[in-house]
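S.K.: Input sequences plus hints: build the corresponding full structure.
Number of protein chains: 2
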Amino acid sequence: MTDITPILSGSRLALSRLLTQIENDTPEGRAALNDLFPHTGQAHLIGVTGAPGTGKSSLVNRLAHFYRHPPEGQAPKRVAVAAVDPSSPFTGGAVLGDRVRMRDLAGDPGVFIRSMASRGSLGGLATATAGVVQAFDAAGYEVILIETVGAGQAEVDIARLAHTTLVVEAPGLGDDIQAIKAGILEIADILVINKADRPGVEHTERALKGMLSLAHPVQRVFHHGQMMEVQTGAAQPEGPMWIPPIQKTVATEGEGIPELAEAIAEHRVYLQTSGDWERRERARLQSELFQLLQSTLVTRWQATVSDARYRQTIDRLLEREISPREAVDALLNGNG
Amino acid sequence: MTDITPILSGSRLALSRLLTQIENDTPEGRAALNDLFPHTGQAHLIGVTGAPGTGKSSLVNRLAHFYRHPPEGQAPKRVAVAAVDPSSPFTGGAVLGDRVRMRDLAGDPGVFIRSMASRGSLGGLATATAGVVQAFDAAGYEVILIETVGAGQAEVDIARLAHTTLVVEAPGLGDDIQAIKAGILEIADILVINKADRPGVEHTERALKGMLSLAHPVQRVFHHGQMMEVQTGAAQPEGPMWIPPIQKTVATEGEGIPELAEAIAEHRVYLQTSGDWERRERARLQSELFQLLQSTLVTRWQATVSDARYRQTIDRLLEREISPREAVDALLNGNG
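Quick note, the sequences are listed as chains A and B, same order. Quick note, in the numbering used here, the first sequence goes up one by one and the last residue is 548. Quick note, in the numbering used here, the second sequence goes up one by one and the last residue is 548.
Derived from the structure by calculation, the hints contain no laboratory data. Each hint should be verified, as a subset may be incorrect.
Restraint ranges, calculated between C-beta atoms of paired labels, are given here [to be verified]:
(1) A243(A) - E478(B): 51 to 61 Å
(2) S327(B) - D215(A): 47 to 57 Å
(3) T232(A) - Q484(B): 38 to 48 Å
(4) G466(A) - E490(B): 50 to 60 Å
(5) G253(A) - E478(B): 53 to 63 Å
(6) D237(A) - I458(B): 31 to 41 Å
(7) T238(A) - W513(B): 19 to 29 Å
(8) S228(B) - L530(A): 22 to 32 Å
(9) D527(B) - V510(A): 21 to 31 Å
(10) S221(A) - R494(B): 45 to 55 Å
(11) G285(A) - I458(B): 55 to 65 Å
(12) D237(A) - G422(B): 32 to 42 Å
(13) Q286(B) - Q514(A): 39 to 49 Å
(14) G422(B) - T238(A): 35 to 45 Å
Stretches of chain B that chain A covers, calculated by requiring three or more beta carbons in the stretch to come under 8 Å of a beta carbon on chain A [claimed, not checked]:
(15) 232-246
(16) 249-260
(17) 491-500
(18) 505-514
(19) 517-530
(20) 534-540
Simulated coverage check for chain A against chain B, where a stretch passes if three residues somewhere in it have a Cβ under 8 Å from a Cβ of chain B [what the hints assert, rightly or not]:
(21) 239-246
(22) 508-516
(23) 527-537
Even for Gly, the Cβ is constructed at its ideal location relative to N, Cα and C.
M.R.: Structural data, given as structure tokens:
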């Protein structure tokens, strides 16, 4: 058993050890997560995703720095970062080219940064990320930034963990690239154009606006916490609504960061007043429950079937004596 | 029951209807796949993946055209294309901007093109793609091109279906973009630089070569069908080996297509002489079996639990009375 007291009282060493256990899915890690769970639910989970080359890591660094050193009158917040790289499933090694973090973050006890890479299974990575985020939450980190590389299903799954999702773009990545972003745009609560000092920023902004209206020929609005579609020109629904704003930043210079933090804060207020916060919590926990159910069912089933029988079934499949579905039926019904 | 005779005898209408049933995972679709399975295993499955904007669709069109109109002395082959778009999980609609196919392909009875989009679950898409590919195979298509958009786990899962995987690059997509390709490079059997008439092609080629050597500081070689790593300068192993070649194409002009087709043919010979063909078949069918097992286990379990009990468990989870893993234990052990 892992004693969770040191985690709750803020020991970085205990937290770091626990994160390793969570990533390796050990019995100790699982037991600790069970014990820590009642202490979760306080943090604001912020997903940051987008194509490579958009400067997500710098942006995350600057946001973390902002929360640690807020404008006068605001209290600094404890910040944790989970930097997830699902792009390299074969090596198991993270291809995190820009993992070099700002020096003042590295020495700050109110900041905890963890890099995670896929270890073969994507489901495993999403589950591990959920566990790591819960550990941060229980350990009292008030803001948790979940950073993912790329723009595929993996990012979407991980973005589902967040309350507020930032989709980061940058000028000059080519029109072609942007042409497929419609899918990822749909998960965006806030659109960020980073590297906004580069040529072509107006073009990117126009493209994003165009794509938003193209992807949503009707305007997406939030009404009483539910996404609704309203024909442009139609009467607006009553109650709060959220239209993803476009924020411009130059993360390397710190430009636009206070405004971005302000948009994030506004989104949090929106979530809480609209009832979306609870709805997202429910969706998030349901999704995590389903992932765990699935992997547990497979693990339990695997314990009931012998390697010899499994191999024999594979052989019959390879000989094309039985189809994949017939093989499944044979294995599950015990007549294989 | 779906009568498979029309499929085997080449009816496009019957095939088209079956593909819809496979995509919707109907009992008829499943039964037909069982019956068709003994007729599969003849086709050469070619995966084509890479970032958006690299011109994959044009390349696939040109390859299909080449196989239909080969150089004198070679027989034309029947070609099927499964164009898979996992990038838009929320709408369920394909964002296939360049789905406009060449006119001469559209009218050719020896070509069958099917566009597929994600419908929420990625596992579902991989399973559906596997089924569609099996239907093409049984229907006598000799070359099956599996085209995917993007560069994430989804593409990797779908690429696992192929015997030969082409990873497509293009000049001018930015150095940053390329910096994450190490993961996807690992699945490449052949690297294609499309749009090779664009400025920067030498740079892209240099970058790819550099990345290959960076990602693999030792040279990757195939030896008796297994991937081995050999320190550069060390003695070469005996037997066949495969080092991913870099092929330059201008798909819109048809340039480099015969050479690319030649490289694909060489890879096929390599697979067959090295024993890798069988090994990949085994891995492919095992992976498909596992996906099916997982979804079947979940479906069977779902039939045993009442909605009320599931909702009640979710509620306790939301109240943080129990952790996600405790919720799973409760649901699976019947004491929830």
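S.K.: With reference to the structure, classify each hint as holding or not holding.
M.R.: Comparing the hints with the structure gives:
no. : hint                          : in the structure
1   : A243(A) - E478(B): 51 to 61 Å : holds, 54 Å
2   : S327(B) - D215(A): 47 to 57 Å : holds, 55 Å
3   : T232(A) - Q484(B): 38 to 48 Å : holds, 44 Å
4   : G466(A) - E490(B): 50 to 60 Å : holds, 57 Å
5   : G253(A) - E478(B): 53 to 63 Å : holds, 58 Å
6   : D237(A) - I458(B): 31 to 41 Å : holds, 39 Å
7   : T238(A) - W513(B): 19 to 29 Å : holds, 25 Å
8   : S228(B) - L530(A): 22 to 32 Å : holds, 29 Å
9   : D527(B) - V510(A): 21 to 31 Å : holds, 26 Å
10  : S221(A) - R494(B): 45 to 55 Å : holds, 52 Å
11  : G285(A) - I458(B): 55 to 65 Å : holds, 58 Å
12  : D237(A) - G422(B): 32 to 42 Å : holds, 36 Å
13  : Q286(B) - Q514(A): 39 to 49 Å : holds, 47 Å
14  : G422(B) - T238(A): 35 to 45 Å : holds, 39 Å
15  : 232-246                       : holds (count 3)
16  : 249-260                       : holds (count 4)
17  : 491-500                       : holds (count 5)
18  : 505-514                       : holds (count 7)
19  : 517-530                       : holds (count 4)
20  : 534-540                       : holds (count 7)
21  : 239-246                       : holds (count 3)
22  : 508-516                       : holds (count 5)
23  : 527-537                       : holds (count 8)
Violated hints: none; the structure is consistent with every hint.
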